[in-house]
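According to the working numbering, the sequence shown is numbered sequentially starting from 1.
Don't read these hints as lab results, they were simulated from the structure. There may be inaccurate statements among the hints.
Here are the simulated DSS-like cross-link-like pairs (lysine-lysine), alpha carbons at most 25 Å apart as the crow flies [said to hold, decoys possible]:
no.	residue 1	residue 2
1	Lys150	Lys101
2	Lys75	Lys192
3	Lys16	Lys226
4	Lys210	Lys150
5	Lys222	Lys210
6	Lys99	Lys150
7	Lys226	Lys210
8	Lys16	Lys192
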Amino acid sequence: MKEIAEVRPMKNQINKIYIFGDSILKGVMYNTERSRYITYREERFTPVTQRGITVTNYSHMGYTVICGFEQMLSKLNRNNCDENTLVILEFGGNDSDHKWKEISALPQAEHLPMTNQTDFINTYCRMIDYVQSLGAHVACCNLVPLCAEKYMNWISQGLSRDNILQWLGDEDILYRWQESYNRMAERTALMKNVNIIDIRTPFLVNHNYKNMICDDGIHPSKIGHKIIGETICGFVNNYYQSCDKYLASGALVLSSLLLKDACKI
1 MKEIAEVRPM
11 KNQINKIYIF
21 GDSILKGVMY
31 NTERSRYITY
41 REERFTPVTQ
51 RGITVTNYSH
61 MGYTVICGFE
71 QMLSKLNRNN
81 CDENTLVILE
91 FGGNDSDHKW
101 KEISALPQAE
111 HLPMTNQTDF
121 INTYCRMIDY
131 VQSLGAHVAC
141 CNLVPLCAEK
151 YMNWISQGLS
161 RDNILQWLGD
171 EDILYRWQES
181 YNRMAERTAL
191 MKNVNIIDIR
201 TPFLVNHNYK
211 NMICDDGIHP
221 SKIGHKIIGE
231 TICGFVNNYY
241 QSCDKYLASG
251 ALVLSSLLLK
261 DACKI
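Take the sequences, apply the hints, and build the full model.
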């Protein structure tokens, strides 16, 4: 088992890209001054579209991997998807979330995530298989890390913070739990031998990480969305320029431990 996940080159030049994901790739961010969610308006994929590649973004706020697969089945077929197509997937944030109002009311009860781990992995695999059955290429994004402190403040608004914390055990589990879904997404991509676009690491290594996340604790700020766009474009442009294997900023480097664990799913 290799210790580094190398990006696997495509044999054909890409002329169209479809994106399926949640609010992260849709470009949603929380505007504190206006107390509402807005969409990042700057074009994030200009370096790609300038090459003549069309980008269709089907990302939808609140979507889980199950919702995304249903949408994919209605949008992609052999008439619009071929060997010159790249499909980018990004799921896990909503899948790992919980119904906080119910937890606040009954902290002693069992509460399941929006998508359990088995269904998450199985559905993600089915999405990848479907895209590949159409002859297209797949790349999976890992997850933007949440900010536990901000997210705890957000989910406990109008609810019992003490009850939620009682159920959680500690505040940092919010980060760790979401990270477990991130690892599942990465492992699934590795198992299916598809590329991973690493949008997570630029957040983790930034010394001003909290400024890259909105006050809700989960959505990227304007700076964060800009970095996500740059990472995805860097990944795509490297494919476009060369069929040689490379290790770019958008390519995921994983420890041997993660790679060994990947085969245990």
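Structure-based check of all given hints:
1. Lys150 - Lys101: holds (17 Å)
2. Lys75 - Lys192: holds (22 Å)
3. Lys16 - Lys226: holds (21 Å)
4. Lys210 - Lys150: Distance ~9 Å between Lys210 and Lys150 Cα, so the pair holds.
5. Lys222 - Lys210: holds (12 Å)
6. Lys99 - Lys150: holds (17 Å)
7. Lys226 - Lys210: holds (15 Å)
8. Lys16 - Lys192: holds (22 Å)
Going down the numbered hints, you'll see the structure goes against none, and every one checks out.
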